[in-house]
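Colleague: Heads up: the sequence lines are chains A and B, in that order. All residue numbers for the first sequence refer to the numbering used here, where the first residue is 1 and numbers rise by one. All residue numbers for the second sequence refer to the numbering used here, where the first residue is 1 and numbers rise by one.
Treat the hints loosely; a few may be bogus.
[Stated by the list, open to error] Computed spacing ranges between beta-carbons, pair by pair:
| id | chain 1 | residue 1 | chain 2 | residue 2 | range |
| --- | --- | --- | --- | --- | --- |
| 1 | B | His86 | A | Phe281 | 39 to 47 Å |
| 2 | B | Ala170 | A | Arg274 | 18 to 26 Å |
| 3 | A | Ala306 | B | Arg13 | 36 to 44 Å |
[Said to hold, decoys possible] From the derived model, a few chain A residues whose C-beta atoms are all more than 12 Å from chain B:
| id | residue |
| --- | --- |
| 4 | Glu35 |
| 5 | Pro38 |
| 6 | Ile39 |
| 7 | Arg108 |
| 8 | Tyr126 |
| 9 | Glu150 |
| 10 | Ile164 |
| 11 | Ala165 |
| 12 | Asn259 |
| 13 | Phe297 |
Don't read these hints as lab results, they were simulated from the structure. Since the model is a prediction, treat every value here as computed from it, not as a measurement. Every residue gets a Cβ at the ideal spot worked out from N, C-alpha and C, and that includes glycine.
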Amino acid sequence: MSVRSSTTAKSTPKKLSSNGINRQGETPSNDNADEVCPICKNNRYLSPDMKLLVSECYHKMCESCIDRLFANGAGPCPICGQIVRKVNFAIATFEDLLVEKEIKIRKRIAHHFNKRQEDFPSLKEYNDYLEEVEKIAWNLINGISLEETEAKIKAYQQENHDLIAANAQRMLQEEKLAKLVEEQELKEKQSEFEKYQKTLEEERKMKATLKDEFIEELRSSKQTADHSASTSLDIASSGVGMWLGLDREHLDDSMKDYNPAATEYADVDGYTLREKYYDPFTEVLGLSKTGGFNIKFVHERALQAAFSGICDV
Amino acid sequence: MSHLTEDDSTIERKYVKEKKIGEGTYAVVYQGKEAATGRKVAIKKIKLGQSQAGVNGIELSAIREVKSLQELQHPNIIELIDIFSHKTNLNLVLEYLDSDLEMIIKDKNIVFMSSDIKSWMLMTLRGLDHCHKNWILHRDMKPNNLLVGKDGQLKLADFGLARDFGDPMAKNMSTQVVTRWYRAPELLFGAKQYGYAVDMWSVGCIFAELMLRVPYLPGETDIEQLDLMFRALGTPTEEDWPGFNELTQMKFQKYPKTPLKALFTAAGNDTLDLLEKMLNYDPNKRLTTREALNHPYFRNKPRPTPPGKLPKQEKSNHLNEPVSPSSSSASPY
Numbered sequence: 001m002s003v004r005s006s007t008t009a010k011s012t013p014k015k016l017s018s019n020g021i022n023r024q025g026e027t028p029s030n031d032n033a034d035e036v037c038p039i040c041k042n043n044r045y046l047s048p049d050m051k052l053l054v055s056e057c058y059h060k061m062c063e064s065c066i067d068r069l070f071a072n073g074a075g076p077c078p079i080c081g082q083i084v085r086k087v088n089f090a091i092a093t094f095e096d097l098l099v100e101k102e103i104k105i106r107k108r109i110a111h112h113f114n115k116r117q118e119d120f121p122s123l124k125e126y127n128d129y130l131e132e133v134e135k136i137a138w139n140l141i142n143g144i145s146l147e148e149t150e151a152k153i154k155a156y157q158q159e160n161h162d163l164i165a166a167n168a169q170r171m172l173q174e175e176k177l178a179k180l181v182e183e184q185e186l187k188e189k190q191s192e193f194e195k196y197q198k199t200l201e202e203e204r205k206m207k208a209t210l211k212d213e214f215i216e217e218l219r220s221s222k223q224t225a226d227h228s229a230s231t232s233l234d235i236a237s238s239g240v241g242m243w244l245g246l247d248r249e250h251l252d253d254s255m256k257d258y259n260p261a262a263t264e265y266a267d268v269d270g271y272t273l274r275e276k277y278y279d280p281f282t283e284v285l286g287l288s289k290t291g292g293f294n295i296k297f298v299h300e301r302a303l304q305a306a307f308s309g310i311c312d313v
Numbered sequence: 001m002s003h004l005t006e007d008d009s010t011i012e013r014k015y016v017k018e019k020k021i022g023e024g025t026y027a028v029v030y031q032g033k034e035a036a037t038g039r040k041v042a043i044k045k046i047k048l049g050q051s052q053a054g055v056n057g058i059e060l061s062a063i064r065e066v067k068s069l070q071e072l073q074h075p076n077i078i079e080l081i082d083i084f085s086h087k088t089n090l091n092l093v094l095e096y097l098d099s100d101l102e103m104i105i106k107d108k109n110i111v112f113m114s115s116d117i118k119s120w121m122l123m124t125l126r127g128l129d130h131c132h133k134n135w136i137l138h139r140d141m142k143p144n145n146l147l148v149g150k151d152g153q154l155k156l157a158d159f160g161l162a163r164d165f166g167d168p169m170a171k172n173m174s175t176q177v178v179t180r181w182y183r184a185p186e187l188l189f190g191a192k193q194y195g196y197a198v199d200m201w202s203v204g205c206i207f208a209e210l211m212l213r214v215p216y217l218p219g220e221t222d223i224e225q226l227d228l229m230f231r232a233l234g235t236p237t238e239e240d241w242p243g244f245n246e247l248t249q250m251k252f253q254k255y256p257k258t259p260l261k262a263l264f265t266a267a268g269n270d271t272l273d274l275l276e277k278m279l280n281y282d283p284n285k286r287l288t289t290r291e292a293l294n295h296p297y298f299r300n301k302p303r304p305t306p307p308g309k310l311p312k313q314e315k316s317n318h319l320n321e322p323v324s325p326s327s328s329s330a331s332p333y
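Just chain B, same shape as in the assembly (with noise of 0.2 Å):
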């Protein structure tokens, strides 16, 4: 990244800004373009000294996206390209890609073959792999944050609750992340210490999403939440997740595990088989992004479709980068 020897004043005047297409509640984003080779990109300018919260009044989930992004370099990862700062803002100069994977999915026009879903969630496991891989964790993985570019690659995007993994001292880290419907049952029993299969859970409800084109578990509260997980995965047991009894001492009305196929009739058991995996109620047992990637799902046949060929939205003036407040209320580990 060339802003560690050009000073703040030299990058800017590189991109231009357009148009703005869209606000959140710490970041504007801007449409622009690269003046040189009027590349789009969009641009994430952080407002400053918003929140007290924030260190040295930076926002929290500002140093969290930079962090993790200049780490992350990857075909499934957006891109950050540069990083300036004008008066007291920070702006993150970012990939632009015009589409998501949640305005593909309510797009009913699109068809989605079984090839298509399996390469979404190829892309999708082999970003979430390149993140992990760097012991980075998501942790607002869903639809909206997938985004898709003209090209068909879907690249994560809105690493604004990442954080890393793997680190004895991090005994408190925060339970209030990931948006609620894709939110892994340690997060809503307010597990302290957590790893890699936060994500991967969240990755089980897109993947559920993705074939039944509406929200798999869209509970309204989290107590919601976990009755319709129960409902539809059956309550856990202490065989099914070791210290399960231990984590809560709430009572939950005994639901039976029903076989996934009564719902996803149309899919074929090795799909199946994976998605059952993602949607391990004991963390420690869900899959890694390796193993997933290593299923059997993904080598069977149909083969997945190229990026190039994925359906693609007729008309879209999609906000690129969308600042999710619905899970931004992360509070500092």
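Next up, chain A with everything else stripped away, as it sits in the complex (with noise of 0.2 Å):
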């Protein structure tokens, strides 16, 4: 396969320079109405479904010129003259044929020489690996001296057949692994997504009972509904929790006249408590009040015991 002639086609808009590279890095869009197949020279403006696929020697030719150059089987590239088949066009990952052709080369490499840095002694000698590695690869890309570099590339496949199997292997696994580190991720980001949809879920049933509780509220309200308003901001306000600054009162008059320290024993009264005793007796423990102990405590404890007729002291 010869590189030049992809340079040739007339599919591939902007000029390459030497190496390869397109130094403008500038990629003309898909819809580009000036595209032309190469071979009926049919244009996107005319035919905008024309659809352009690429061959194995990386030339450009739309479907229906595909369709009828390779109907009886395989047959010339009516470019380069290489026999290819109507299987192997493939749609282009990049608009640069270049490029599409370099990583397709770079993998079909990379799948061979797949040594590691631990595979050899020194750092030295992988970097000259790598070197030598790279320098097939261009060979490839640019169609140097081909018959040799594949030679080269069959040498050392046959060479090392043991260790590129087992770092074959070797990849295999990682990928393993890292597929399942990465579909673990992709649970816990479920998961996580699912409890976020719960809260919201929550807060929604929340905001529909605050609603319903409201209406019913104004429904059941002999007040005004400007009261009811205005409660109802001190919800939207209140911003704490999920407390209310309402009140149920209106529901039910009978707790109107309660007595919040009412108790259900009468205090033992009969006695009025003093400030201070003479106790000698507590006086020696030495009891600290710092922790909330009070003499009192005690005091009013024995009177209360006393007065009420049980000292059990």
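Mind assembling these two chains? They're in different frames, but the hints should get you there.
Modeller: Encoded structure:
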């Protein structure tokens, strides 16, 4: 295959520098109206559905040309003459066909030359090896002494057959592991997302209950809508948890006259607790008041016990 | 209580155990009913001889619980219906309630009105007032231990850490009481003599939790607990709490006091005033239950929701009388 021929293809719209890298770095958009099939000269402006595919020798042509040319099996490429088949035409991933080609070649090289740094005794040898691989790739990409290079690859392949297989195996395993990790991450993300959805749902429900309650209140309330609206404003401005500045008072009047400090039992009375008592016994104990202990507890407790007639001290 | 005259097997036959609903370090709780009336009860079976720390093989918390509950009968305190022993086990027959305040706080389908919070606070304080009037400290006040019945009545439960206070001879009261998040600063600083104020601090934390719907000071360690507390309420000074400097050698970062209004934005002034006085650093200045009940908060509008009208959980399958493992580390006094 020839690299030079690809630069002659009219479908490659830009000039390529000699090293095959597009210096301008611009990619024409797919819906470029100037795009022309080099065989039938049909262009996108006339037939917007035209689909340009790439052959194994990296020449573009439109689908209808391919159908016509290779209807009876393999045939020569109308541009470079290499024998190609219809099934081997593919949609180009890259606009620049040289990039497309380079990637394909590098993929193939990487498949064979898969040694790693740990396979070499020193970094220098590894670097030499990388240099060699790069040279082979370069030759293939630019079509320099193709036969020689192919022979080199073949020789290398035979020489390192076992290592290549082993490294390939290793790579496969690493890929599997990476995939597993990826799946795990995906799962976590998903569960996180579900959790988030749940909170959203809960919030929504909460709001619905709030609304229902508010409507219920409006319905049963004797107060004006203004009053209710102002209390609902409180809800919005509260911002603290889910506590509302509302009351249920109007629902029931039974708590109207109540004494919050009402107790079940009468307090023990009949005594007045004095501020201070003569109490040498407790004084010597040296009790500390800081923790909330108060000598008054002792005195009051004794008095209560005495006055309720069940002195047990 | 009838067990004084009847023998154990007679009492035992009065109740039917139905299913196990919970297990703690020193007790198993069953749901059951009184055979004659069908009244639901919780039977707390205390494993005897499990711990050497127990008096004569009976766990100290069991003694505390029986001792306290026998003295306390109040609509806002769980009722001890009967006691009987079976083989080597001691069985407490307690009132059955199917929910607790923690579950209600956590149930995000329930919306709290300020009148609801006032009602729960009122019932909590009334129950606690009865304890304190009888010179008993609960020492494990937390939403999980405030049970709520079908009728909405809130009752103090789990008296496993309760003890009397105001006894001058008790010079070394345990500081390892109260679940950490609700533990008063004087306990965290290791005060050996304390009073009613430890329970009032917990009530303050519960009050805040009712408004925030999340625990107010959820410290992971005792030190972190203090840090959280100081961040929220400012680092106390000798002025705030006379004796504070003698209480600890530790140096704390000085946090400024931030008004409670900043966190409790929807709360009224009376609410915040009550909360602030419950969370006073100086235990001698902290409100008593009686002072709290007489606070304007309970007289101002809105009126507390009647218990029957309080929001309830739609469905509950609660374990009555939770045996809280988090706070059962109390050492004998």
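Colleague: Hint by hint, where does the structure go against what was stated? Just the numbers, ascending.
Modeller: 12, 13
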